[in-house]
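Let the sequences and hints guide you as you build the complete structure.
Residue numbers (the numbering used here), protein chains in the order written: chain A, 187 to 586; chain B, -2 to 220.
For the record, the hints were derived by calculation from the structure and aren't laboratory data.
These numbers were taken from a predicted model, which means no experiment stands behind them.
Honestly, I wouldn't trust all of these hints.
[Stated by the list, open to error] Mimicking DSSO-like on lysine-lysine, the simulated pairs with C-alpha atoms at most 30 Å apart in a straight line are: (1) Lys270/A <-> Lys410/A; (2) Lys499/A <-> Lys14/B; (3) Lys500/A <-> Lys111/B; (4) Lys14/B <-> Lys487/A; (5) Lys111/B <-> Lys487/A; (6) Lys324/A <-> Lys299/A; (7) Lys499/A <-> Lys111/B.
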Amino acid sequence: MIFWEIAKRNIRIHMLRSTLAMLGIVIGVVAIASMGILGNSMVATVSESLSSVGDSVIVTPYAGGGGGMGPGGGSSGSSSASLKLTDQNYQQIKRVSAPNTAIPVYSTSDHMKIGVGSDDIVASIYGLPSEDVPDLMKLEAGDYNNGNSGCLVGSTFAKDHDLKVGSRISIGNDGSKGTLRVTGIIEERGMSFDISTDNALVVTDEWFEDTYNRNKDYDEVVVKVKDGDTATVKTNIEKQLNKHKDNKIVSVTDSKATLNSIYATFGTITTFVSAIGGISMIVAGVSIFNIMMMSVNERIKEIGIMRSIGTQKKEVMSMFIYEAAIIGVIGSIIGGLFSILAGYVVSALMLGSTKYLVTAANALSVTEGILFGIIICLACGIYPAWQAANLNPIDALRHE
Amino acid sequence: MEPVIQFEDVVKIYPLKAGDVTALDHISFSVERGEFISIMGPSGSGKSTLLTLMGCLDTPTSGNIFMSGIPIRNMSDVDLTNLRRDRIGFIFQYFNLFPLLNIIENVSFPQMLKSGHGVDEDKAREVLRAVQLDERLFTHTPLELSGGQQQRVAVARALINDPDILLCDEPTGNLDSKTGASIMELMTELNRKGSTIIVVTHDPNVANYTSRTIRIVDGCIAS
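Okay, here's the thing in structure tokens:
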């Protein structure tokens, strides 16, 4: 149609002006989409660290207040460290959680030395039933069968202290609590809600009980939920063990609910950051509005001629809307392409990884950025187009 | 046969802050099909107002205007626009061609509005030949043409939809006398072939080409 052609030619003869307007849209789309890509990549990175613990329910002794996370490995000395779960508590948890696996966990921290003459260090030690260890963690080297004098070590711990399968670690001051041989290196687990093994040792529950004089008084119980319904398991445990409101025995943490809460927080951060990027889009929109108003003012006489020879208001309006749409579509698509590049750079610099660049969420962020750019351009073109269409043809014809 | 244009006791008042201005005061006249009329009068006499009313760009304050028998007073903007597109051809003093379009596209513009389709190049070429424009200029842009050539293109654009009437506002006002004379000869030729033409002018030489002159003074027809 002729109005489409006129819009194209008008953009072409005002190439510099149109290019600057497009540049504004490009910057706006890049700001929004690349922030979206960064947010999505952050969520994906965190998900990778946490997803393996999203099927756990963690039960710890009730310490008053709002319950909360398990004691982890570094709880000795804290007031809650003296609180333990009894074997009866464990058996109740095991019964109501069936057929899921309930794993009793001992934890402490202790001095240790690696090799003769090395520095004394302090690290977390977890005691677990040998048969349950494969349910909680995977190994990158060695095997689970560590026996009573063997132990597994976390990947970071192994790396920091140059440990290999077969290395020996003396536990306690001057090795007073014996020596353990490394039988396996645990795969990196990242952040977790149950036990943090990356910087810790994992030993058998028998060794732990013998060494630290413990007798089935556990620091926490981790329930690995097979069907993913962690909420039901949590409710069942609370019903069974916290029958009396005034006498709660355990705090129960649903790791999936915690994960979802973390994801929601990241989602909010992503939206917020993208909204900040949106400010540049608003600035670009103001620039489009300005350019469209200039275009209308420069062409008042032309509009008057068009109207006098039989052009309808809606046709005049369409000509200016086409102009805004061309700037919007071209600027937004270029912005979308650049935002992939910007997302790559920002992810590489801030997260140190670009492996989550090609995802459906990022494609959606780029698409949203492009659509937002086009919508802003059209919205900013509507008023100038409406004004052009509603010019009095007589006044417009007389305009010099 | 119905007159092409009929004014019946037409009054046009412009309400202004300083007081109402009566531009046309109880004017009645009619233009028959095939007439070639000039409208003359001093500045501020109401010529331009008369032209805008004849061109359906405005409606009267009172009285009636009929275009080929159709009353325009209560027409909507959409209907008035369609009437301008289908029944009226405008020719302006400053040619008023679209600089972004070439000659063929300029001439085809009203026809594209009417048909909703693209350029009908054959029809545009036919009309351009009728106004005796050099065929080599058909793909040029208006700014590459002389004033006389541009006015021929404007005439072609006005003729493309076979209008009932051609309204010309000082068609030679921006041309030298020789080119102006050739444009008026073209108008005469078109009138001879059946076109109804109304020319608003200050120039008595232009009025000499027409068969009737309406003189306007202070918003009233003087003769």
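Here is how each hint holds up against the structure:
1. Lys270/A <-> Lys410/A: Status holds; Cα separation ~20 Å.
2. Lys499/A <-> Lys14/B: 28 Å, holds
3. Lys500/A <-> Lys111/B: 14 Å, holds
4. Lys14/B <-> Lys487/A: Given pair lysine 14/B, lysine 487/A holds - Cα atoms ~26 Å apart, limit 30 Å.
5. Lys111/B <-> Lys487/A: 21 Å, holds
6. Lys324/A <-> Lys299/A: Roughly 25 Å separates the two Cα atoms, so the pair holds.
7. Lys499/A <-> Lys111/B: Given pair lysine 499/A, lysine 111/B holds - Cα atoms ~14 Å apart, limit 30 Å.
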